[in-house]
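Participant: Chains A and B, in that order, give the protein sequences.
Using the numbering used here, read the first sequence as starting at 926 and increasing by one per residue.
Using the numbering used here, read the second sequence as starting at -11 and increasing by one per residue.
Just so you know, not all the hints are guaranteed correct.
[What the hints assert, rightly or not] Here are the computed lysine-lysine pairs in the DSS-like style, where the Cα-Cα straight-line distance is at most 25 Å: (1) B:LYS386 - B:LYS220; (2) B:LYS232 - A:LYS1179; (3) B:LYS232 - A:LYS1000.
[Unchecked claim] Covered stretches of chain B (in silico footprint by chain A; criterion: 3 or more residues with CB under 8 Å from a CB of chain A, positions within the stretch not fixed): (4) 81 to 87; (5) 146 to 159; (6) 252 to 261.
It is worth saying that the hints were derived from the structure and are not from the lab.
Just so you know, even glycine gets a beta-carbon here, dropped at the ideal spot from N, CA and C.
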Amino acid sequence: VTVSLTRAAPRARRRSLSGRRRTTALVMLTPAILGLALFFVFPLIASVFFSFTRFDLLSPPQFVGLLNYTYLFTKDPDVGTAAFNTLWFVVILVPIRTVGAMLVAGLLARARSATGFWRTLLYLPALVPPVASVVAFVFLFNPGTGPVATVLHAVGIQSPLWFNDPALAKPSLVILGVWVTGDLMIVFLAAMLEVPRDLYEAASLDGANGVQQVRFITLPTISPVIGFAVVTGVIAALQYFTEAAVASGVASGKATVGQGGSTNLGYPNQSLLTYTEYLYSHGFAQYQLGYASAMAVVLFVISAALLALTMRRISVFRAVES
Amino acid sequence: MTASASTPHRRTRPRRVTAALAAGVAAALLLAGCSSAGGDAIATKAPTTVKGSVSFWHFFTGREAGVLKSAVDAFEKANPKVHVTIHAGQDDEKLQKAISAGQPIDVGLSYSTDIVGTFCSTGAFKDLAAYIKRDQVDLGQLPTAVRSYTQYDGKRCVLPVLSDATALYMNTDLLKKAGITTPPKTIEELETDALKLTTYNPDGSIKTLGFNPLMGFQENSAQHFSAIIDGKFLDAKEDSVIGKSADWKALMQWQKGFVDKIGYAKLQRFTAGLGQEFAADNPFEKGRIAMALDGEWRTAFIQSDKSSVQYSTAPFPTASDHTDMYGATYITGNIAGIGKGSTNPEAAWALLKYLALDTDTQVLLGNGLKNVPTLTSALSSPKLTVADQYKVFVDEAKNPRTITSPASKNGAAYLNSFEEAWDGYQTHGGDLAAILAKLDKTIDDANELSGP
């Protein structure tokens, strides 16, 4: 008994120490946990609850079972268009922005003179507020009076309709997305500058050419950053709203300020109607918060699935975890 | 052991009873809260003096907010014991959130009749029936269409504070040059004149457009076109009647035919290169479009933008089988109500009446905001500044044939669906009967989403 008691004492002390550590950790984490519970878990649960109701924010919600989901999947005439447009941005905009930012960062990493000037110049567009950059772009690309049309006209080319053409409205926003890619570019640049020089020197001695050096040294080394760019890019694309809404308003010629949600969401011909715009329109223009909640829940599930898929495809996450 | 085992049972039951009682009280309070929204008991006689503070939420900003402030100042002068706190720049979405969050909004002013259906049916704005009855307010002093858009399902929860009407704006220099001396009265005449006024560049692109027939262009919308045919949108159950109307079908076919005569692609290219509707580069103000469907506010824009355009206005043409509608228009406007959380409803009612039912206030606001008064006495007031071009809108507002669109629990969803379908038809064509049948189904299906 004595032996067991003497052995138990340090164990108890260890337990008390680890208990104190756990308490300290819990206290330190409390603000974050509270924040998550209040601003993530509660809204998520509330959204799921409201998705089974008819709710207009002004009167008590009415339970309607699966009605909102049934309407969403079988009757809504526009949700397919909105989902397609959003997925288009995920599939086209995210890779182009990521690759574009990587290329620019690669060039800057190799620059030997005026590096500060070029970095500042290429980063600056990212500092422009999204609304201002979209307004500027729509005016720049105005097929009648914009500078781009003037230049094209001077060389005998008729300007496309850009933001006024349903086939070109989304690609026009991709051009804008590439222009404001400075935020990603700076992260890639930092990662590329961290790649040890001696790896390139060794590869060079082994006879590796530039492409091989990028393929076998740069890309594997910066792959965590690529993963970060893709994951955050997919999340942003799934929530794409401001740029599309402002482009529609300005390009339609009916931009107004101070009168709530635009009535031109989706212009031209629904080509810029994104899922979140459509959700917003149902929730706050048509007072169908229950249906908007069902749309939000579906978006959450799809986002989670897409992100799981993306992270599985990015081997670096598995490597980091292991 | 027995005692200790039985104790929790004895303690649980009162807890359950307490919980049930609490739930009952909560439900009762909730019901009381809900019912009070629509049917507050009010004093049998209007107070001789109103007092206290009133919170007034509205959407105006800048110069226009100043005009409204001058009306509020006059109200405070007439009611020295009332202090009005103004919350400017509050759009409908903020109003909805604030009311649902229990904010004590006494008077809320909205720019759109889209909210009437929801705000009246949910009690977000109080039912005004008791106040109207007690104070013997004569609603006959409101034009018929205005009376219609300020109530939902028999419940009047808002009063009108100025309206918007549309008419045909004509560039007199361009019309004179083309030898057109009288405004078109039918849409066929409009089309003939517009084609005559349209000029082209050597490369075939449009230089000046007589009239832009594209649906969605500036004020070209289903509701603004409805007066052409005295068009109806919904029945009493809020189901669509659009697809069942031969008039709507004929109007859409005429509009598409007009578009095709000039060419959809040409019109799209021309329209894409035009300026913004609410800016100084407005194409009518710049002389790029000879005739346009626009609201009374354009007269004020032309003045404030210092545009040199010489223009006149006339009622918008009608279909040749609806010439009885000539001189009428589609009308809608600003509306105001008393929030369900109002802490001073008597003073709120006094302010609401002052803004909506006082002739001089309506004239003051009409002259300042350049919108059309919603009180017949104000429309006829000699104090109302009525320029030649503005007179058309005043006459249209007085016209008993003037129409509006019905309030719906879905807001403007049915109008948006209609314009989306129309836009698709003008772009791609197709079987119009099938398009309209699908539109009816879309509108009817969407009704199941709105509540309560």
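Participant: Hints first: check each against the structure and report whether it holds.
Facilitator: Now the hints, each set against the structure:
{"no.": "1", "hint": "B:LYS386 - B:LYS220", "verdict": "20 Å, holds"}
{"no.": "2", "hint": "B:LYS232 - A:LYS1179", "verdict": "31 Å, violated"}
{"no.": "3", "hint": "B:LYS232 - A:LYS1000", "verdict": "21 Å, holds"}
{"no.": "4", "hint": "81 to 87", "verdict": "holds (count 4)"}
{"no.": "5", "hint": "146 to 159", "verdict": "violated (count 0)"}
{"no.": "6", "hint": "252 to 261", "verdict": "holds (count 6)"}
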